[in-house]
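Novice: Sequence:
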Amino acid sequence: MARIDTAPPVVESWPAVERHGSESYFVLDEGLLAEAGGGRERPLAARLEAAAPPFRFTRLGPRGDRLGDGALKRLANAMTDGGRRAGRIPAGYTYLGQFVDHDLTFDKTSVMLGERVTPAQLVQARSPSLDLDSLYGAGPQDPVSARFYADDVHLKMGRTATIGDDEARDDYDLPRRGTGSAAARRRALIPDPRNDENLAVAQTHLAFIRFHNRVVDTLPASVPPAQRFTQARELVVKHYQWMLRHDYLPRICNRGVVSDVFRNGRKAFEVGVAPTDVPTMPIEFSAAAFRLGHSMVREDYSWNRRFDFGTGTLDLLFEFSGASGTLGGGRRLPSNWLVDWRRFYDFSEAGRADLVVPAARFNRAMRIDTSLVFLLRFLPGFPFEESSLAFRNLVRAKMLRLASGQQLARFLRGKGVSVQTLRKAQLRDGAKGAELDRLTKAQRDAVLRDTPLWFYVLREAELDGGRLHGVGARLVAETFHRAMEGSEFSIVRDPAWRPTLGPDSRTFRMVDLLLFAFRGRKRLLAPLG
370 MARIDTAPPV VESWPAVERH GSESYFVLDE GLLAEAGGGR ERPLAARLEA
420 AAPPFRFTRL GPRGDRLGDG ALKRLANAMT DGGRRAGRIP AGYTYLGQFV
470 DHDLTFDKTS VMLGERVTPA QLVQARSPSL DLDSLYGAGP QDPVSARFYA
520 DDVHLKMGRT ATIGDDEARD DYDLPRRGTG SAAARRRALI PDPRNDENLA
570 VAQTHLAFIR FHNRVVDTLP ASVPPAQRFT QARELVVKHY QWMLRHDYLP
620 RICNRGVVSD VFRNGRKAFE VGVAPTDVPT MPIEFSAAAF RLGHSMVRED
670 YSWNRRFDFG TGTLDLLFEF SGASGTLGGG RRLPSNWLVD WRRFYDFSEA
720 GRADLVVPAA RFNRAMRIDT SLVFLLRFLP GFPFEESSLA FRNLVRAKML
770 RLASGQQLAR FLRGKGVSVQ TLRKAQLRDG AKGAELDRLT KAQRDAVLRD
820 TPLWFYVLRE AELDGGRLHG VGARLVAETF HRAMEGSEFS IVRDPAWRPT
870 LGPDSRTFRM VDLLLFAFRG RKRLLAPLG
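Read left to right, the sequence shown gives residues 370 to 898 (our numbering).
It is worth saying that the hints were derived from the structure and are not from the lab.
Note that the coordinates shown come from a computational prediction; the quantities given were computed from them, not determined experimentally.
Heads up, the beta-carbon is just placed ideally off N, CA and C, and yes, glycines get one too.
Don't take every hint at face value.
Claimed, not checked - Distance windows between CB atoms, simulated: (1) R457 - V513: 37 to 45 Å; (2) P594 - R435: 29 to 37 Å; (3) D646 - S591: 31 to 39 Å; (4) R624 - E399: 43 to 51 Å; (5) R867 - G547: 15 to 23 Å; (6) D646 - T548: 39 to 47 Å; (7) G679 - G699: 22 to 30 Å; (8) R818 - E399: 23 to 31 Å; (9) E857 - V640: 20 to 28 Å; (10) E399 - R792: 43 to 51 Å; (11) F678 - A595: 45 to 53 Å; (12) T682 - R435: 31 to 39 Å.
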């Protein structure tokens, strides 16, 4: 997606306190589709359209019909009425998903010198890929990105602040600028500032920094100095992609769909393109299917020993960040806010019973379904009538003329994908998700006839026990496959590659990444005990 200013593009696929009021999408063959606050369309002057950095979106399916705002408001209210239930997925995957979303939508031109960038590099830098550009920027040799690095191979980490009995610790906060205004001092020195919009994704980003640095430190001494960074990055990216393919995707999507796409290839999205061609991103993925993460968000977390039994509330995760909050009023993260990773990922999967916490302290994500926590009805920083995250999602999709769920199901069947269209009764009743009884009969009939794609894919997941199914699973799996295929380092283009950092050559999960990054030590994974 393109922004009118020079900031990285924003795709609200996970909650963030957005300070701007508009977004725009550069869709190939359609031009710039823009919105004002709340997702409404607005015209763009030709000068601004020409200046907008064109992050590369495409439209996969047909254009959809537009539902009235009245129906969308009532549908949004139904989706945020409460009544949430926890699912099976550990809560860490909610914020891993946000980190991945930012990787997919990171515009690397924000950290590249203009005179060093060729037209071909500009296109690549504004295209979706799963190559951790949001972690690496343009690399340590780039004069702008060098500020993210401690030396020619290691990424910087930061020091926390002493608070009470919790002393300052090195390497447990993101690196921060430390100079200028109060806001500038706490700003994270990372390529993508969106990864410091809430503490959960900030600590996830820091874990990936640790992972990279540990990979560097374990390279054989025989690797020449000039090749150490590139070899480390390739190892990191391929293990990251393997983890997404074999751990993250099967948790959020129907496993059969994921396996079919990665074994047999794509049937609908960029079929037949050269693998090294620059990828695009379907707006149906960005504005609908991959907004599944909104449904996974909890209102509170058992964060660590200091903020236990649900006292790590969602609003505090934003406050103790450098982009959306004030780090509690300081310039560094206070040491009592260090994450306890045992509470967010299930280390029993790796045979580490010593890293398992009691069930009452373990956080599971909310089930992927058509309900969002009530708190997301009132996003800070927006007028009251536009503050519902569900309403913003639905109205933005209307601006983009996204196909309905029924249209996408028909489109996919035309491409040879085996997918069933949900019946009206299934869409109406669901499985203990959003209830549509407060819509008028006319509104309900319109929603069931032309179901907004985001609601449709969440209802599919709800009916499949909390995993994307059908249309939603296919959109996500094919987009991930293409983003991996078109990356500089790619397990799709290198199908013989296998992990070397996990317990064996078949397995590398997020728990394995954390165990490697933190040396398998409890005192590092749970620093507050």
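Novice: Now look at each hint and say whether the structure bears it out.
Specialist: Checked hints:
no., hint, verdict
1, R457 - V513: 37 to 45 Å, "holds, 42 Å"
2, P594 - R435: 29 to 37 Å, "violated, 58 Å"
3, D646 - S591: 31 to 39 Å, "holds, 35 Å"
4, R624 - E399: 43 to 51 Å, "violated, 34 Å"
5, R867 - G547: 15 to 23 Å, "violated, 42 Å"
6, D646 - T548: 39 to 47 Å, "holds, 42 Å"
7, G679 - G699: 22 to 30 Å, "holds, 24 Å"
8, R818 - E399: 23 to 31 Å, "holds, 25 Å"
9, E857 - V640: 20 to 28 Å, "holds, 22 Å"
10, E399 - R792: 43 to 51 Å, "violated, 32 Å"
11, F678 - A595: 45 to 53 Å, "holds, 51 Å"
12, T682 - R435: 31 to 39 Å, "holds, 37 Å"
Hints 2, 4, 5, 10, counting from the list given before, are not met by this structure.
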